[in-house]
Every structure is written in structure tokens, then in C-alpha cells.
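Below are the chains, spelled out letter by letter.
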Amino acid sequence: MASVQVSEAEKVYIMHGVRDDLRVDGRGCEDYRHMVIETDVVSNTDGSAKVSLGHSDILVGVKAEIGKPRALVPDEGYLEFFVDCSANATPEFEGRGGEELGIDLSNTLYKVFNNKHSIDLRSLCICPGEHCWVLYVDVLLLQCDGNLFDAISIAIKAALFNTRIPKVHISEDAEGGKEIELSDDPYDCVRLNVENVPCIVTLCKVGQRHVVDATLQEKACSVASLLLAVTHKGMVTCVRKMGGGSLDPESISEMTETGKRVGKALHAPLMDLLKKEEGLGKNRQKVGFLR
Amino acid sequence: MAGVELLSDQGYRLDGRKASELRKVQARMGVFAQADGSAYIEQGNTKALAVVYGPHEVRGSRSRTMHDRAVINCQYSMATFSTAERKRRPHGDRKSSEMSLHLKQTFEAAVLTQLYPRSQIDIYVKILQSDGGNYSACVNAATLALVDAGIPMRDYVCACTAGFVEDTPLADLCHAEESGGGTTLALALLPRSRHIALVQMDARLHQDHLDMLMEAAAEACRGLSKVLDGVVRQHLQEVSVLTRD
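Which chain is which? The protein sequence lines are R and V, in order. In this text, residue positions in the first sequence follow numbering that gives the first Met the number 0: the first is 0, and each later residue adds one. In this text, residue positions in the second sequence follow numbering that gives the first Met the number 0: the first is 0, and each later residue adds one.
Any given hint might turn out to be false.
As a list, the in silico EDC-like pairs of lysine to aspartate or glutamate whose alpha-carbon atoms are at most 16 Å apart [claimed, not checked]: (1) V:Lys86 x R:Glu79; (2) R:Lys166 x R:Glu178; (3) R:Lys259 x R:Glu29; (4) R:Lys275 x R:Glu37; (5) R:Lys67 x R:Glu129; (6) V:Lys86 x R:Glu64.
These are calculated hints, taken from the structure and not from any lab test. None of the values given here were measured: they were computed from a predicted structure.
Model the full assembly from the supplied sequences, consistent with the hints where possible.
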């Protein structure tokens, strides 16, 4: 469900709860819901991850393809984002219904992730001006239960961590023509450095306070929200105000502080978890949707 | 005969199966909480998700409403990363529109639509990973999702593909066998009544072989129906344990 109807009485109840730092599901204002992360779920991709946050379910697949670098930055590769709001999530998305939301989401993701502060785009270069790796990051929304941005950013970080790009060997023939040869060995691959990849923290202004990881009900009570992309050092790389209402500058700076604190705290356990999962190696039992 | 040997002299196929052997099937019902019914199935490396919404009031144009039965609305889509080569669009191309139509026809034959006049049942299927037999995986997943949604059906609909190589019918083809260029038959069966909900065959085949091929596909469908039945029973057992007083 992309949105829910909330009655006035429910709104008052939710807002009073937020004022007293006790939300409807028992969380405090800066707590996330329970999160389940699994990587390497789709074997047709170079990297994939599935994240469920509450009832929001996100599947991300990364495919690496060889393309031509952009003319302005000949020595860098780039990322392409596509968000598929499938009808699985809600019947409203059937046909072209999810397109608008999909474009909005992918444009924001593009701004957050496709820059050299997030990912070392130079490492995606194969041959300056001629060939580079293009990472197609495809996000699939399977179920929407609020806070899509945060869940998507975590899924993307996990999928990029899981991404393995085959090594290439460039050989030059007598005429100076270059030939690219892909390594056949699946273990002969390059990993991406995802340390600086930011996570998105969305803060919803509910009454006088703000909450992280808002459910659909809470989102219906809030006038506006602030999206922050925060790196593991607590650096903010992207800010965007969303929603119909307006925010006063004071609360924006307050929300930024909270966002930085929450975002910084999100990275360490996420990386720990991803490393631990990888450490299990082949012994890991793949669950996917069969749980 | 294609370049690769689809059936060895010893009677083994590319992935080591015997001619009539199915791929490993794993399934789960009730994957999502928000939908009325949902299911996930893995048939070998083909992975599909199905979600059912309804029966509910007809959405969109009223002219689609049927006064004596429910409208079945299907959408088939494939994740952009599901195939070896990345797809540009998840749905809306000709192949997926055709597949949506086939699914609609299949389930119109199985769901007791006359019980829900003036309403609509949505079935959305998504291929997450494609390795041959996409149609059959979708039908099987959608059957489980309909069961999960509690929508009455005449019988389970089980679908399977079969191919024909060197006078031997092969059941449940994988992508390499499907793309080999030989005959492929997709069959959706209502196993108890042995009625056929949908049959589709590409490429040509001698008439004498048709019965043999249909029988092989039907046998595979019956095998699948046992697996699906097991999944439903196990799911009900798990749910009844959770809801017991």
C-alpha cells in the first residue's frame, strides 16, 4: 500500500504518542523497525540483496555491463538506477501507475549515489575515454510499508557490497587496436569499496517532534519530511525536503543533527552484519523468500 | 539438432536429470502480509512471486464489470535483472502482454468466478530469476497465491513444459533446453478432472508424437500437483499451530 487513510482520532493518538517518545508500535522516536538483510539472492546478477524493514520489502539487483564513459568524465564509470514499482506492492501500481513514483525514487538515488564521494567511480574505468563499467542498479519494490528511501539505500549498499565485477585484461594488437578479455574464473573479480556509500535517513515531522523510519500511519500524520544521505563518518551528502507542508529553518537544523547521529549509528552494524554474512561463506543457508 | 547434446546416449540431460525428471521445487505461501494472498516458488533456478488481491469492486472502467461473474485481471512482469542480459522494461512489451493474457485464460478456467459477480480478482506475477518454464512457474505460484487468498477453484492448476528430443519427451525444460530450438509444449492441467486449462506449442512436431508429448507434460503436471498439495498442507499445519487456542 502506498498510502493509508487515518482518522482524526488516530492522528491525535499517534501525535500524542510521538510527543511522549512512545510510538504506536512501542518504538522511541529514533528507533528503526526490525530489519532483515540477505545478500546474493538472485544468481543472474553480479550482486543482489533483499531487505525487509517492517512490512517494506525491497529487492536490489546489480548488473555490471561494459559501456562508454561520459564525455565530461572520460576516466570514470557510472551507475544507472531503475526503480520498478511493481503491481505486487499495491494494485495502484498496475500498468503505468508506478512509473511516476519510480522516476522520482530513481532520480533521488542517482543524486545520492552516483558521485565520487560515495563510490570510487574511477575504479570502474577500464580504458579511459573508451570503455568503462556501467553498474545497473535495479530496485524492485515488493511491498511498501513506509520509509522506502531508507530501506532502498540499505539494500543498495548491501547489494554493492555483494557485487563482484569480473577482472578484465586489455591486450593490444599490432595495429594498436585494443581487445578486452573477461576473466572466466568467477573468483577472479574486483570488489567495490562501499565504505563511503551513504545511507539515507528520512525524518518525518510529526507534531513538534520528528521520527525516523515512519510507518505509513505516521507518515499520514506528518506535514513534511527531510531526507538526508549520511556517510559512515556522519557527513551529509544530500538533503531533500519532501512532502506537501513546509518546515521552519530551526527544525531543519534540528532534524539534520538527529539524522547525522542516527545515520552514523546505522553504518557500523550494517557493515558488521554484511561482513559476518560473507564470513559464513558456502556454509550459509540461503533463505530468500522461503522462510 | 542443436550444437549441444540435449540428451546423452546414457539418457541424461544437460543438468544431469533423466528425461521425465522434474527440477527441484520449493515453495512458500503467505510471503507478504499486505496482499490478500501471496506465494513464492522456485523451480530449479526459475524463481517467481505471485500476489493476489481481491475479490474486490471492479477498478477503473465500469464497462468491464460482468454481472454474472468476477473479472480476472492478470499482470505478468519480469524483474529487469531476471535474465542473463538486462531487460529494459519489466512489463508492457509484447511477450509479457501475451503472457498476461495466457494467465488470464488459464485462471478463468479454474477459478469459480460465478461466485463473485460484479467483482474483480487481481493476480500479479513477477519473475525474479528466469531459467526456462516462466509460464509454468507463474501458474504454479499463482495457484498457491489463490489458495492463500482463499478463492475457490475447481482444482489446483498445475503447469509444466515438455520438449521433444530424439524421439524422447523431456519434462520441465530449463533455459538451455528451451533455447535449443526444439519443440516446446506448455501445458496447464487441472489434475483431478484431467481437464486442460491451456496448451501451447511452438515449433513443429509430427502428429504421431503429439500424444506422447502431451502425456509426458500431463504426467509432469500431476507430479507437480502433489508437490503443491504438500506445500498447501504444510502451510495450513503451520498456520493452525499458530492460531490454536
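So, going through the hints one by one against the coordinates:
1. Restraint check: the Cα-Cα separation between Lys86 (chain V) and Glu79 (chain R) comes to about 13 Å, which is no more than 16 Å; the hinted pair holds.
2. For the hint linking Lys166 (chain R) to Glu178 (chain R), the alpha-carbon distance of about 14 Å falls within 16 Å, and the restraint holds.
3. Taking the CA atoms of Lys259 (chain R) and Glu29 (chain R), the gap is near 12 Å; set against the 16 Å cutoff, the hint holds.
4. A threshold of 16 Å between alpha carbons decides the hint, and for Lys275 (chain R) with Glu37 (chain R) the separation of about 11 Å falls inside it, so the pair holds.
5. For the given pair, Lys67 (chain R) sits about 6 Å from Glu129 (chain R) by alpha-carbon distance, which is consistent with the 16 Å threshold.
6. A C-alpha spacing of about 12 Å is found between Lys86 (chain V) and Glu64 (chain R), which places the hinted pair at or below 16 Å, so the restraint holds.
Hint violations for this structure: none, all hints satisfied.
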